[in-house]
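Student: Going down the list, the sequences are from chains A and B.
Mapped onto our numbering, the consecutive letters of the first sequence carry residue numbers 1 to 107.
Mapped onto our numbering, the consecutive letters of the second sequence carry residue numbers 1 to 117.
It cannot be assumed that every hint is accurate.
In silico BS3-like pairs for lysine-lysine, Cα to Cα no more than 27 Å straight-line [unchecked claim]: (1) K3/A <-> K102/A; (2) K20/B <-> K41/B; (3) K41/B <-> K3/A; (4) K14/B <-> K41/B; (5) K3/A <-> K64/B; (6) K20/B <-> K66/B; (7) K64/B <-> K41/B; (8) K20/B <-> K94/A; (9) K69/A <-> K102/A; (10) K20/B <-> K55/B; (11) K99/A <-> K69/A; (12) K69/A <-> K3/A; (13) K3/A <-> K99/A; (14) K94/A <-> K3/A; (15) K66/B <-> K41/B; (16) K99/A <-> K41/B; (17) K55/B <-> K66/B; (18) K66/B <-> K102/A; (19) K20/B <-> K3/A; (20) K20/B <-> K64/B; (21) K14/B <-> K94/A; (22) K14/B <-> K66/B; (23) K66/B <-> K94/A; (24) K99/A <-> K64/B; (25) K41/B <-> K94/A; (26) K94/A <-> K69/A; (27) K64/B <-> K14/B.
Note that these hints are calculated values from the structure, not bench results.
Quantities reported herein were computed from a predicted structural model and do not represent experimental measurements.
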Amino acid sequence: DAKTTQPNSMESNEEEPVHLPCNHSTISGTDYIHWYRQLPSQGPEYVIHGLTSNVNNRMASLAIAEDRKSSTLILHRATLRDAAVYYCMGGSEKLVFGKGTKLTVNP
Amino acid sequence: GAVVSQHPSWVICKSGTSVKIECRSLDFQATTMFWYRQFPKQSLMLMATSNEGSKATYEQGVEKDKFLINHASLTLSTLTVTSAHPEDSSFYICSARDSERVGQPQHFGDGTRLSIL
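In isolation and in its complexed conformation, chain A is listed as follows (with noise of 0.2 Å):
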């Protein structure tokens, strides 16, 4: 399992694009990068995940380094609803989680 650091906290306004980064060095070649966040006493809600390509889904983007060490998770137009802890974790199966990055959404 690769082991994954990211900003403790971030905060962005409403409506404006959201930039997570996560860095992975320690990824190995076949295993994906996942995206989750979590709601207060709610369970981790998927995201996105990859490989090696950028993904494109109706939540977000996800832009994988060419090295694939890092990644950026892409909230195209940030919610209040988009508030919450954000995970990335690499892996082919388990996931371990890591602290996460706690967005704040201002309205």
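Based on these hints, arrange chain B on the given structure of chain A.
Tutor: For chain B alone, kept in the frame of chain A given last:
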């Protein structure tokens, strides 16, 4: 989409009681499920990997006799906290992935809040 259901959502019981938590994959089969524990203001801590038809694999420091895991079918894993004490009070969360499809993400249940008096 893939859904993982946990039951119960919360439970309050007396010290010494054993508590069973169920984790079900509702629309897919999962040969492997995972159990996590989360204390207030902390991240999720992986406790064990539940393997269908075989013994669970526990993470270092997790007592297997304290946290009994049974994965009797491809859609159900149970975690039993035996002789629970106040220090076992926590938020327990399970996850599962569609084992028949490659590259699918893990999906998490909504968690079970366990409070031991």
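Student: Compare the structure with each hint and give your call.
Tutor: Evaluated hints:
no. : hint             : result
1   : K3/A <-> K102/A  : holds (18 Å)
2   : K20/B <-> K41/B  : holds (24 Å)
3   : K41/B <-> K3/A   : holds (20 Å)
4   : K14/B <-> K41/B  : holds (24 Å)
5   : K3/A <-> K64/B   : holds (26 Å)
6   : K20/B <-> K66/B  : holds (12 Å)
7   : K64/B <-> K41/B  : holds (25 Å)
8   : K20/B <-> K94/A  : holds (22 Å)
9   : K69/A <-> K102/A : holds (21 Å)
10  : K20/B <-> K55/B  : holds (17 Å)
11  : K99/A <-> K69/A  : holds (18 Å)
12  : K69/A <-> K3/A   : holds (11 Å)
13  : K3/A <-> K99/A   : holds (11 Å)
14  : K94/A <-> K3/A   : holds (13 Å)
15  : K66/B <-> K41/B  : holds (24 Å)
16  : K99/A <-> K41/B  : holds (10 Å)
17  : K55/B <-> K66/B  : holds (14 Å)
18  : K66/B <-> K102/A : violated (32 Å)
19  : K20/B <-> K3/A   : violated (32 Å)
20  : K20/B <-> K64/B  : holds (14 Å)
21  : K14/B <-> K94/A  : violated (32 Å)
22  : K14/B <-> K66/B  : holds (16 Å)
23  : K66/B <-> K94/A  : holds (21 Å)
24  : K99/A <-> K64/B  : holds (25 Å)
25  : K41/B <-> K94/A  : holds (22 Å)
26  : K94/A <-> K69/A  : holds (19 Å)
27  : K64/B <-> K14/B  : holds (21 Å)
Violated hints, listed in ascending order, are 18, 19, 21; each of the other numbered hints is respected by the structure.
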